[in-house]
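Student: Residue numbers (this note's numbering), protein chains in the order written: chain H, 1 to 178; chain B, 1001 to 1335.
Keep in mind that a hint or two might mislead.
Claimed, not checked - Pairs of lysine-lysine residues, derived as DSBU-like cross-links and limited to a Cα-Cα distance of at most 35 Å, are as follows:
| # | chain 1 | residue 1 | chain 2 | residue 2 |
| --- | --- | --- | --- | --- |
| 1 | H | K128 | B | K1063 |
| 2 | B | K1063 | H | K124 |
| 3 | H | K11 | H | K47 |
| 4 | B | K1188 | B | K1063 |
| 5 | H | K80 | B | K1063 |
| 6 | B | K1016 | H | K80 |
| 7 | B | K1303 | B | K1209 |
| 8 | B | K1059 | H | K11 |
| 9 | H | K11 | B | K1209 |
| 10 | H | K11 | B | K1141 |
| 11 | B | K1324 | B | K1300 |
| 12 | B | K1016 | H | K11 |
| 13 | B | K1285 | B | K1303 |
| 14 | B | K1059 | B | K1016 |
| 15 | B | K1141 | B | K1285 |
| 16 | B | K1149 | B | K1285 |
| 17 | B | K1149 | H | K47 |
| 18 | B | K1188 | B | K1141 |
| 19 | H | K128 | H | K150 |
| 20 | B | K1285 | B | K1324 |
| 21 | H | K80 | H | K128 |
| 22 | B | K1141 | H | K80 |
| 23 | B | K1209 | H | K80 |
| 24 | H | K11 | B | K1063 |
| 25 | B | K1141 | B | K1324 |
| 26 | H | K124 | B | K1059 |
| 27 | H | K124 | H | K150 |
| 28 | B | K1059 | B | K1209 |
| 29 | H | K80 | H | K47 |
| 30 | B | K1141 | B | K1059 |
| 31 | B | K1188 | B | K1209 |
| 32 | H | K47 | B | K1141 |
| 33 | H | K11 | B | K1149 |
| 34 | H | K47 | H | K124 |
| 35 | H | K47 | B | K1188 |
These are calculated hints, taken from the structure and not from any lab test.
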Amino acid sequence: MKPGSLMAPEKAHLTLDVNGERIEVMFARHKTLLEVLREDLRLTGTKHGCELGECGTCAVLVDGQPVLSCLVLGLACAGKSIRTVEGMADAELHPLQRAFADLGAAQCGYCTPGFLLTAEALLKQNPKPTCREIEEALSGNLCRCTGYLKIYEAVELAAAWMRGEQAEPRDEVLYGRR
Amino acid sequence: MLRLPSFTYLEPRTLKRAIQMKTNAGPDAMYVAGGTDLYPNMKRRHQEPRTVISLTGIKALRKRPTDRRTDGHTDGRFVLTAGLTLTEIAGHRRIRRDYRAVARGAELISTPLLRNMGTLGGNLCLDTRCNYYNQTYEWRKAIDFCMKKDGAICWVAPSSPRCWAVQSSDLAPVMVALDAQFLLVGPKGERVVPAGRFYHNDGIDYLTKHADEILTEVRLPRPNGWDATYWKLRRRGSFDFPVLGVAVWVRWDGTEIAEARIVLGAVASHPQLVPSAAEVIIGSKLDEEAVLAAANAAFKPSKPMDNTDFGLAWRKEMTRTYVKGALAELRARRR
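This is chain H alone, in the form it adopts within the complex (with noise of 0.2 Å):
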């Protein structure tokens, strides 16, 4: 037999910081950081949408950031710290995800874990955006069912909880207009 002709591809052993904890992980050395959370690591909540960096399905943070995981190598993830979906919630759920479950900014919920993340990235640099400031900072996000408006809206009741606002969603975000 030819040498590696029917082999597996070399794989790459590393040891990642995911979502604040260090994960020993072999795999592929050519896999996507995708496809590493998703099929290495079991993290399914990142989801796989275009892949080619067309929809923002597939955002997590490294080092903070958010970033396309469908166009970053595993390889390339070495010493940095990437955050999944999977890691927003501790005891209860993130702010951000209550906002989303609350004013119906999740219909079928493909596009929410990119959103939830790009929206944190954005709420650590700027805790008090302004509409505009939202709706640019998710420009990069696809969502095909809420028509965003109801993800901007929850993004700006997330915000005023994390100031530690008591705010209330406004009756026509949850009833429309009367």
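Dock chain B against the given chain H, drawing on the hints supplied.
Tutor: Below, chain B alone, put in the same frame as chain H:
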């Protein structure tokens, strides 16, 4: 799933080592920076390097933007290293103040997520694009491959001997308009190339850079009495590559235009300088008549092909509108 083919991944820490690795690996190797252009291309089997040499670990490519100094003196040029991300370029205070066309070009690229990854150098070396090329392997195979990859024909212009893939970088026309200089480092040493000579009007052979050279820095001219802007046409306000880009640079002498450069993006395989349009505004006060004449002059040589989004007649017509708009913006800023 669209998966990357298997390849050897190298992470040099210095430019010298990177070039050495490229020399050793030969033509089957490619450099990668942010990966936002190369990896999708590899997934669709447009580019199939056996070795990928990552430039992200090279500190010399990620220095803070600074004035260029030789022997302790500055020549007024402002240096951007090629590994800076597009987010860093678009958000840099001094770039926003003195080189707003550069910041504008950068902030209009794709999406915030992609700009966190994509680099200045990567955008300037962006592969040319075409509706018949930027498709999956199966799609391309189904209609038979085009000459840019695996085939012999150009599906946009079947009788054409050349490839018509489109220059789709937003920063390339800006750099040509500004007459920026690019520093290339290769096995034979360094060389400086004006942005206008960095590009070829050929969809396949679109860069004058040799494959083993690395674009390491961009030198912007001293901000002294000139102004520039960039206008981008696309379907959505995010994600999309330009289907038309207009970069305009002017130098004012009092109330009149002393020098000008008008560059069209996404209508050819290179950023297209339109000297005939620049000539008609030189000596003018950018009054309505001069602006209209320049718009008409730019319209004539603007010859988009039917290989991106939107109809080509409309894209050609929009050249007029966008040149008018860009010049009007510069006039308004002068007042």
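Student: Each hint should be assessed against the structure and marked as holding or not.
Tutor: Now the hints, each set against the structure:
With a C-alpha separation of about 31 Å, the suggested pair K128(H) and K1063(B) falls inside the 35 Å cut-off, and the hint holds. Under the criterion of a C-alpha separation no larger than 35 Å, the hint pairing K1063(B) with K124(H) is consistent with the structure, at around 25 Å. Pair hint K11(H) plus K47(H) holds up; C-alpha atoms about 23 Å apart against a cutoff of 35 Å. At roughly 23 Å between alpha-carbon atoms, K1188(B) and K1063(B) fall within 35 Å of each other, so this suggested pair holds.
A distance of roughly 20 Å separates the Cα atoms of K80(H) and K1063(B); the hinted pair therefore holds under the 35 Å criterion. Under the criterion of a C-alpha separation no larger than 35 Å, the hint pairing K1016(B) with K80(H) is consistent with the structure, at around 25 Å. This hinted pair checks out: K1303(B) and K1209(B) have alpha carbons roughly 25 Å apart, not beyond 35 Å. Annotation: proposed proximity of K1059(B) to K11(H) holds, straight-line Cα distance about 27 Å (limit 35 Å).
As the CA atoms of K11(H) and K1209(B) are separated by approximately 34 Å, the hinted pair is consistent with the 35 Å bound. A hinted pair counts as satisfied when its Cα atoms are at most 35 Å apart, and K11(H) with K1141(B) qualifies at roughly 31 Å. Only pairs whose Cα atoms come within 35 Å are accepted, and K1324(B) paired with K1300(B) is accepted, the gap being roughly 14 Å. Proposed proximity of K1016(B) and K11(H) is supported: the alpha carbons are some 28 Å apart, at most 35 Å.
About 28 Å separates the Cα atoms of K1285(B) and K1303(B), which keeps this hinted pair within 35 Å; it holds. For the proposed pair K1059(B) and K1016(B), the alpha carbon gap of about 12 Å is at most 35 Å, so the pair holds. A threshold of 35 Å between alpha carbons decides the hint, and for K1141(B) with K1285(B) the separation of about 54 Å lies outside it, so the pair is violated. A threshold of 35 Å between alpha carbons decides the hint, and for K1149(B) with K1285(B) the separation of about 48 Å lies outside it, so the pair is violated.
Between K1149(B) and K47(H), the direct Cα distance comes to roughly 30 Å. Compliance with the 35 Å bound is thereby established for this hinted pair. Taken as a hint, the K1188(B) and K1141(B) pair is broken in the structure, with Cα atoms around 39 Å apart against an allowance of 35 Å. Using a Cα cut-off of 35 Å, the hinted pair K128(H) and K150(H) holds, with the two alpha carbons roughly 17 Å apart. About 14 Å separates the Cα atoms of K1285(B) and K1324(B), which keeps this hinted pair within 35 Å; it holds.
Straight-line distance between C-alpha atoms of K80(H) and K128(H) comes to about 28 Å, which keeps the hinted pair within the 35 Å bound. Of the pairs offered as hints, the one joining K1141(B) and K80(H) is violated, with about 39 Å between alpha carbons and a cut-off of 35 Å exceeded. A threshold of 35 Å between alpha carbons decides the hint, and for K1209(B) with K80(H) the separation of about 32 Å falls inside it, so the pair holds. Of the pairs offered as hints, the one joining K11(H) and K1063(B) holds, with about 33 Å between alpha carbons and a cut-off of 35 Å not exceeded.
Straight-line distance between C-alpha atoms of K1141(B) and K1324(B) comes to about 42 Å, which puts the hinted pair past the 35 Å bound. This hinted pair checks out: K124(H) and K1059(B) have alpha carbons roughly 27 Å apart, not beyond 35 Å. A threshold of 35 Å between alpha carbons decides the hint, and for K124(H) with K150(H) the separation of about 20 Å falls inside it, so the pair holds. Using a Cα cut-off of 35 Å, the hinted pair K1059(B) and K1209(B) holds, with the two alpha carbons roughly 22 Å apart.
A threshold of 35 Å between alpha carbons decides the hint, and for K80(H) with K47(H) the separation of about 20 Å falls inside it, so the pair holds. Only pairs whose Cα atoms come within 35 Å are accepted, and K1141(B) paired with K1059(B) is rejected, the gap being roughly 41 Å. A C-alpha spacing of about 13 Å is found between K1188(B) and K1209(B), which places the hinted pair at or below 35 Å, so the restraint holds. At roughly 28 Å between alpha-carbon atoms, K47(H) and K1141(B) fall within 35 Å of each other, so this suggested pair holds.
Annotation: proposed proximity of K11(H) to K1149(B) holds, straight-line Cα distance about 30 Å (limit 35 Å). Proposed proximity of K47(H) and K124(H) is supported: the alpha carbons are some 23 Å apart, at most 35 Å. Using a Cα cut-off of 35 Å, the hinted pair K47(H) and K1188(B) is violated, with the two alpha carbons roughly 45 Å apart.
When held up to the earlier numbered hints, the structure conflicts with 15, 16, 18, 22, 25, 30, 35 and fits the remainder.
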